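Under the numbering used here, the first residue of the sequence shown carries the number 1, and numbering increases by one thereafter.
Everything labelled a hint here was simulated from the structure, so no lab data went into it. What you are looking at is a predicted structure, and each value in this text was computed from that prediction instead of being measured. Think of the CB as a built atom: it goes at the ideal place given N, C-alpha and C, for glycine as much as any other residue. Errors might be hidden in some of the hints.
Okay, derived cross-link-like pairs now, EDC-like style, lysine to aspartate or glutamate, Cα gap no bigger than 20 Å in a straight line [claimed, not checked]:
#, residue 1, residue 2
1, Lys9, Asp50
2, Lys85, Asp74
3, Lys8, Asp74
4, Lys9, Asp74
5, Lys85, Asp43
6, Lys8, Glu44
7, Lys69, Glu54
8, Lys40, Glu87
9, Lys8, Glu76
10, Lys88, Glu76
11, Lys59, Asp74
12, Lys77, Glu20
13, Lys64, Asp74
14, Lys69, Asp50
15, Lys40, Asp50
16, Lys34, Glu87
17, Lys40, Glu20
18, Lys5, Asp50
19, Lys65, Glu54
20, Lys40, Asp17
21, Lys88, Glu39
22, Lys5, Asp17
23, Lys34, Glu44
24, Lys5, Glu76
25, Lys85, Glu44
26, Lys88, Asp43
27, Lys33, Asp43
28, Lys8, Asp50
29, Lys55, Glu76
30, Lys64, Asp10
31, Lys5, Asp74
32, Lys8, Glu54
33, Lys85, Glu39
34, Lys77, Glu87
Simulated restraints, written as ranges between beta carbons of each label pair [claimed, not checked]:
#, residue 1, residue 2, range
35, Asn60, Trp25, 38 to 44 Å
36, Lys9, Ile61, 16 to 22 Å
37, Asp62, Asp36, 40 to 46 Å
38, Asp17, Ala66, 24 to 30 Å
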Amino acid sequence: MASVKNLKKDINYVLSDIIEECYVWQILQDDTKKADKAEKIIDEAITTFDVLIEKVNIKNIDNKKAHFKAISADLEKKAGALLSKIEKL
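Let the sequences and hints guide you as you build the complete structure.
Here it is in structure tokens:
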């Protein structure tokens, strides 16, 4: 991983793309009850963003490389889960 700055950008870009996909899905729905299903995914993406950024900003870490690698892996796992939820909509 190149830097903490790039990790923060990756977190932001990935989760904002997921949120954008939810908004697009909502716009394409005729039934408002169906469109509300995406709100839960949006809330989960925002919570995931907050948690990951909080982990990145922890200062007292013994092994920084392993810590940031774990955060990156967590981002991939959670983004994949959110995308699979969008596909099921």
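Problem set entry | Lys40 paired with Asp17 [C-alpha distance capped at 20 Å] | holds, 15 Å
Exercise. Keeping to a limit of 20 Å between CA atoms, is the pair of Lys5 and Asp50 held or broken?
Worked result: Measuring from Cα to Cα gives roughly 16 Å; hence the hint holds.
Exercise. Straight-line Cα separation of Lys8 and Glu76 no greater than 20 Å?
Worked result: Between Lys8 and Glu76 the Cα gap is close to 13 Å, so the pair holds against 20 Å.
Problem set entry | Proposed proximity, Asp74 with Lys9 (alpha carbon, max 20 Å) | Measuring from Cα to Cα gives roughly 15 Å; hence the hint holds.
Exercise. CA of Lys40 to CA of Glu87, is that 20 Å or under?
Worked result: holds, 14 Å
Exercise. Holds or violated: 38 to 44 Å for the Cβ distance of Asn60 and Trp25?
Worked result: Roughly 41 Å apart at Cβ, these two residues keep to the hinted range, so it holds.
Exercise. Regarding the pair Lys69 and Glu54, is the alpha-carbon distance no greater than 20 Å?
Worked result: holds, 15 Å
Problem set entry | Restraint status (C-alpha distance of Lys59 to Asp74 at most 20 Å) | OK: Lys59 and Asp74 at ~19 Å, within 20 Å.
For this session: Could you grab the alpha-carbon distance between Lys85 and Glu39 and see if it respects the 20 Å cut-off?
Result: It holds: about 12 Å lies between the C-alpha atoms, which stays within 20 Å.
For this session: Return holds or violated for the Cβ distance of Asp17 and Ala66 against the range 24 to 30 Å.
Result: holds, 27 Å
Exercise. Given the proposed pairing of Lys88 with Glu76, does the C-alpha separation stay at or below 20 Å?
Worked result: This hinted pair holds, its Cα atoms lying about 19 Å apart.
Exercise. Has the given pair, Lys85 with Asp74, been kept, meaning a C-alpha gap of at most 20 Å?
Worked result: OK: Lys85 and Asp74 at ~17 Å, within 20 Å.
Hint check: no violations occur; every hint is consistent with the structure.
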